[in-house]
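Residue-level listing of the chains:
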Amino acid sequence: MVVFVVVMTLFAFKLEIDASAETLLLEDDKDLEFTRDVLKRFEAPNFLVVTYTTDDDLLSQENIDNLKLLASRIETLKIVESVNSIVNVPLLQSPPVPLKELLKDIPTLESPHIDKALVKEEFLNSAVYKQNLVSDDFTTTALMVNLKRDEKYFTLIDNRDKFIKLKKQRELSQEEKASYKKASAELKAYRDISREDNHQTIVKLREILKSFEESHKKVKLHLGGVEMIADDMVEFVKYDLKTFGFLIIGLLVAILYILLKEAKWVVIALFICTVSLATTSGFFGLLGWEITVVSSNFISLQLIMNMSLVMHLIVTYKELFLEQPNLTQRELALGTVLSMAKPSFFVVITTIAGFSSLVFSNIAPVINFGWMMSSGITISLLITFVFFPIILILFDKKETHKVVQNGPPFTSKIAYVVHNYRKTILAVTVMIVIFSISGVNKLRVENSFIDYFKEETQIYQGMALIDQKLGGTTPLDIILTFKERSDEVASVEVVQSDDEELDSFAEEFEEKEGEREQYWFTQNKMRKIKEVHDYLESLEAVGKVLSLSTAGEILKVLNDGEEADGLTLALMYKELPEKYRKIILTPYVDIKNNQARISTRIIDSMPNLQRDKLIKEIDSDLKNMLNEEYEEHKATNLLVMYNNMLQSLFDSQIKTIGIVVLILFLTFFALFRSLKIAIIAMAANLIPVGTIFGFMGWMNIPLDMMTITIAAISLGIAVDDTIHYIYRYSLLYKDSKDATETMFRAHESIGVAMFYTTTIIMVGFCVLVFSNFLPTIYFGLLTMIAMFMAIVGDLVLLPVLILIFGI
Amino acid sequence: MKSIYKKILALGVVLFFAQSLAADETLELKEHFLKKIDEVILIVENKSLSKDERNGNIVKSLTPMFDFELMAKLSLGNKWKELLDADKEKFVTLYVERMKQSYSSKIDAYKDEKVEVKKIEQQKADRVALVTDLISKTEKLEIVYKFYKPKKPIASKDNWLVYDVEILGVSILKTDKAQFKEFLQTKSIAELMDALAKQS
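Chain order of the listed sequences is E and G.
In case it helps, this note's numbering puts the first sequence at residues 38 to 844.
In case it helps, this note's numbering puts the second sequence at residues 4 to 203.
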């Protein structure tokens, strides 16, 4: 046994954390596939943003030198491809010259004889640069840190995904299964390395920024970008895991000692919990399950639930000891375990039922979390019930104190209230139900990356700055596909000499593949793109919009205010130097597939932003704007995918709550063999849990990736006490047959254990309130409230219902 | 001499002369072209003319050398066959007018550039491409003039006519063809003509 545990512990060190965008998304989200495809084809680079804020003139020589220095330092990092800043971006309008001349030699801020006043004008007014490269108040500028394109990553993903697609169509052969496993392993290995690389890059980048700020006091720097959000979330998760692991252990030790007053119990409890945790972690490490943002609280959760199990055993042992002091240690130990076996088993089953609802969510990390918790609690049960008696038996029987020494326990007072204020309790319950239902109606599913972090954190400040002054943070792309009627075959009717002449040219003017590119840029397309572009810009929630229309606007300026005609557009496409093409053209057009990309960023910090509504609104407006037959549109990128995930989570949770309730109901029925009890038990649990959602609705706390899991978890844990209470009550009732007396006795005995375990759980969860990651704080807070309501429900409402309806 | 050798000799002589004839013809074309260019340059440099007069004169001078009707036809592709005769005429007029307007601004940018014919390409008997350079003080811009010889000579037109111009490899005709094709996917020819009219 010990060997087994040791081995498992070793595997525990293999446990890893993964917070890439992948882990936040649906397993087979078509939009994810599309987004990846789009990013690949449009060669949109991955980038980080460094914001540079100063009170001085941004274009002073000092600042220019600073920016150059900063850029050069950043460029030394391995995965950085290049850095764009106001120093090296092409200046297309300073001063405006005819395109032909411009293309010969495009100036930058460093070109000789450059007129800085004109440059400032351009930065503030050019379609490309305003609110993108510089803020409107010209105090902040952005350095775009372009990261090297990770072709290998895309290749590995494609490799793995083709098996996933195949799997859906048919059974894989042995060989294919092996290849799939290999491909998945390769992808994971590579992702681990590149994640670490990315993280190190960000760490080094932060160091560079910090040291720069220290030597240049007038400058304020921030780091931003989607890559960074992912990295920071991982860091927060890691930090939480470490900190809270220890914090909770510390707190639990304290509480246990206060409640049990004997060091030995504390040691036993701690030992069992640690062993369970180590074994579980090892189990996960063995299976290669990764901890994600969603499941980052699993250690805290498992500790708490395990403590609760152990606590029940300890209290029962003490009771047994005091009732039958002449039993041997062995008899006491076994007696404890056996009497608690059945209810504990059902407790675990119901907790698993709660967590298993998450398995139906279709979102990888949530499913994973469901499995993790279910297996975790099972392992806890096994280890607790194996080790507890063993340890006790190994040690001598010792005198033990009554759990509560002076006078009747606190819970007896509650029993008194229950007995004398039944009507009041019922009335309050009804009010609470009304409160909950009305609150639930106000619930909304919403997420904002910026709201995940506290205002004092670097990441929040960086994001807020970029959001408000540099065009928004969360990317949303609209892809326009221009459908073409296929080339009609030139007819070869020779009727008049006229036509013959015409036909002899047919071959020359047949569309040649290589030439297609330069003739793709027709005025018609540009106008359509501009229409969509301008519409998107007009939306309040949308920040910066970039597309071919941006290039079109610049051309217009250079063309004396006239729209560029087809010839000019074609010429521009051909003659534009590659490095500028990469900035102005390539990310916004994929000629081969007849697509234009309009890239926008959403102002995430806009209050009352409703993302799902926004996406739907854009979709329907575009439908009206475009001619379905020739122009298709599709929204993609992070905003869409994340929204999909949340909506899906919401939907699946609604569906699975039903399943959980059913399973719990059946469990109650199986355990107590009475429909009445099952109904009463469900009521006593659904009402407290419902209160939480009512609370969230009224307090405008949005449902989110983490809070959405609360329902399942709370239900799963809340029913534990109910099971214990009803089980004990029915045992006691068999003897006395007096409902009221039974209630008092139940409150005095199991009620105490319930009270203690709930206290443990509440204290455990309240620790989460110290996290830097807001969803974790909400999670801790709300679960605490749920547990409190649950114990109130079990010690107040449940007995009232039992007294009224009888068992 | 054996009759076969006679025939071969005759063939050889004919071919020799045909070549020279062809060579002569293309040289003649080149001369004619350069003369035309000089004519146009004179018009452009004549500051006493108003823009409209200038443009009108340039068109008059170039019309014999350009087969606008063919260009209009080719830009519409197969749609041309669907037009009524009256509309065909109208379209050509609008097309020419539009061309005039488009390139008027480009003519405005003219500053003492010189035109040099650097190569003559003849892919078929009735197709010649004059590859020219527009040379300014700082750069050279390659412009290709594509000529064809109509089977039946057209009244008031030269023997060799321009049907397409390529600037830096971008064909004006192909550009127009792509634009019109796209436009006509969702709109009628009448609407296209209205749009052209608006542009002029």
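Treat the hints as calculated values from the structure; they're not laboratory data.
Idealized CB from N, CA, C, for every residue including glycine.
One should not assume that every hint holds.
Covered by chain E, according to a simulated footprint, are these stretches of chain G (three or more residues, beta-carbon under 8 Å) [unchecked claim]:
| id | region |
| --- | --- |
| 1 | 157 to 171 |
| 2 | 175 to 187 |
In silico lysine to any residue, SDA-like type, Cα no more than 25 Å apart, as pairs [unchecked claim]:
| id | chain 1 | residue 1 | chain 2 | residue 2 |
| --- | --- | --- | --- | --- |
| 3 | G | Lys143 | E | Glu552 |
| 4 | G | Lys103 | E | Arg564 |
| 5 | E | Lys660 | G | Asp136 |
| 6 | E | Lys593 | G | Lys117 |
| 7 | E | Lys241 | E | Lys167 |
| 8 | E | Lys520 | G | Gln104 |
| 9 | E | Lys167 | E | Ser231 |
| 10 | E | Lys619 | E | Phe542 |
| 11 | G | Lys82 | E | Trp557 |
| 12 | G | Lys103 | E | Asn103 |
| 13 | E | Lys567 | G | Lys160 |
| 14 | E | Lys593 | E | Arg553 |
| 15 | E | Lys141 | G | Asp136 |
| 16 | E | Lys105 | E | Asn183 |
| 17 | E | Lys567 | G | Val168 |
| 18 | G | Lys103 | E | Asp597 |
| 19 | G | Lys82 | E | Asp597 |
| 20 | G | Lys121 | E | Glu552 |
| 21 | E | Lys611 | G | Lys143 |
| 22 | G | Lys180 | E | Tyr610 |
| 23 | G | Lys180 | E | Lys275 |
| 24 | E | Lys629 | G | Gly80 |
| 25 | G | Lys160 | E | Trp557 |
| 26 | G | Lys180 | E | Thr518 |
| 27 | E | Lys593 | G | Lys160 |
| 28 | G | Lys143 | E | Phe542 |
| 29 | E | Lys660 | G | Leu187 |
Against the structure, the hints:
Under the rule that three or more residues need a Cβ within less than 8 Å of chain E, the assignment of the region 157 to 171 of chain G holds, with 3 such residues. With a cut-off of 8 Å between beta carbons, the region 175 to 187 of chain G has 10 residues touching chain E; three or more are needed, and the interface restraint holds. This hinted pair checks out: Lys143 of chain G and Glu552 of chain E have alpha carbons roughly 22 Å apart, not beyond 25 Å. Taking the CA atoms of Lys103 of chain G and Arg564 of chain E, the gap is near 23 Å; set against the 25 Å cutoff, the hint holds.
For the hint pairing Lys660 of chain E with Asp136 of chain G, the CA-to-CA distance comes to about 48 Å; that exceeds 25 Å, so the pair is violated. Taken as a hint, the Lys593 of chain E and Lys117 of chain G pair is broken in the structure, with Cα atoms around 28 Å apart against an allowance of 25 Å. As the CA atoms of Lys241 of chain E and Lys167 of chain E are separated by approximately 29 Å, the hinted pair breaks the 25 Å bound. Annotation: proposed proximity of Lys520 of chain E to Gln104 of chain G is violated, straight-line Cα distance about 31 Å (limit 25 Å).
With a C-alpha separation of about 34 Å, the suggested pair Lys167 of chain E and Ser231 of chain E falls outside the 25 Å cut-off, and the hint is violated. Restraint check: the Cα-Cα separation between Lys619 of chain E and Phe542 of chain E comes to about 36 Å, which exceeds 25 Å; the hinted pair is violated. Taken as a hint, the Lys82 of chain G and Trp557 of chain E pair is honoured in the structure, with Cα atoms around 20 Å apart against an allowance of 25 Å. For the suggested pair Lys103 of chain G and Asn103 of chain E, the alpha carbons sit about 51 Å apart, so the restraint of at most 25 Å is broken.
Annotation: proposed proximity of Lys567 of chain E to Lys160 of chain G is violated, straight-line Cα distance about 43 Å (limit 25 Å). Taking the CA atoms of Lys593 of chain E and Arg553 of chain E, the gap is about 23 Å. The hint holds against a cut of 25 Å. Restraint check for Lys141 of chain E and Asp136 of chain G: satisfied, since their Cα atoms lie roughly 17 Å apart, inside the 25 Å limit. A C-alpha spacing of about 15 Å is found between Lys105 of chain E and Asn183 of chain E, which places the hinted pair at or below 25 Å, so the restraint holds.
Distance check on the hinted pair: Lys567 of chain E and Val168 of chain G sit about 29 Å apart at the alpha-carbon level, beyond 25 Å; violated. For the proposed pair Lys103 of chain G and Asp597 of chain E, the alpha carbon gap of about 18 Å is at most 25 Å, so the pair holds. Between Lys82 of chain G and Asp597 of chain E the alpha-carbon distance is near 34 Å, which puts this suggested pair outside the 25 Å criterion. The suggested pairing of Lys121 of chain G with Glu552 of chain E holds, with an alpha-carbon distance near 24 Å, which does not exceed 25 Å.
For the given pair, Lys611 of chain E sits about 16 Å from Lys143 of chain G by alpha-carbon distance, which is consistent with the 25 Å threshold. A threshold of 25 Å between alpha carbons decides the hint, and for Lys180 of chain G with Tyr610 of chain E the separation of about 17 Å falls inside it, so the pair holds. The suggested pairing of Lys180 of chain G with Lys275 of chain E is violated, with an alpha-carbon distance near 60 Å, which exceeds 25 Å. Our distance criterion of 25 Å between C-alpha atoms is met by Lys629 of chain E and Gly80 of chain G, whose separation comes to about 23 Å.
Between Lys160 of chain G and Trp557 of chain E the CA atoms are separated by roughly 33 Å; this puts the pair beyond 25 Å, and the hint is violated. This hinted pair checks out: Lys180 of chain G and Thr518 of chain E have alpha carbons roughly 20 Å apart, not beyond 25 Å. For the suggested pair Lys593 of chain E and Lys160 of chain G, the alpha carbons sit about 37 Å apart, so the restraint of at most 25 Å is broken. The straight-line distance between the Cα atoms of Lys143 of chain G and Phe542 of chain E is roughly 29 Å, outside the 25 Å bound, and the hint therefore fails.
A hinted pair counts as satisfied when its Cα atoms are at most 25 Å apart, and Lys660 of chain E with Leu187 of chain G qualifies at roughly 21 Å.
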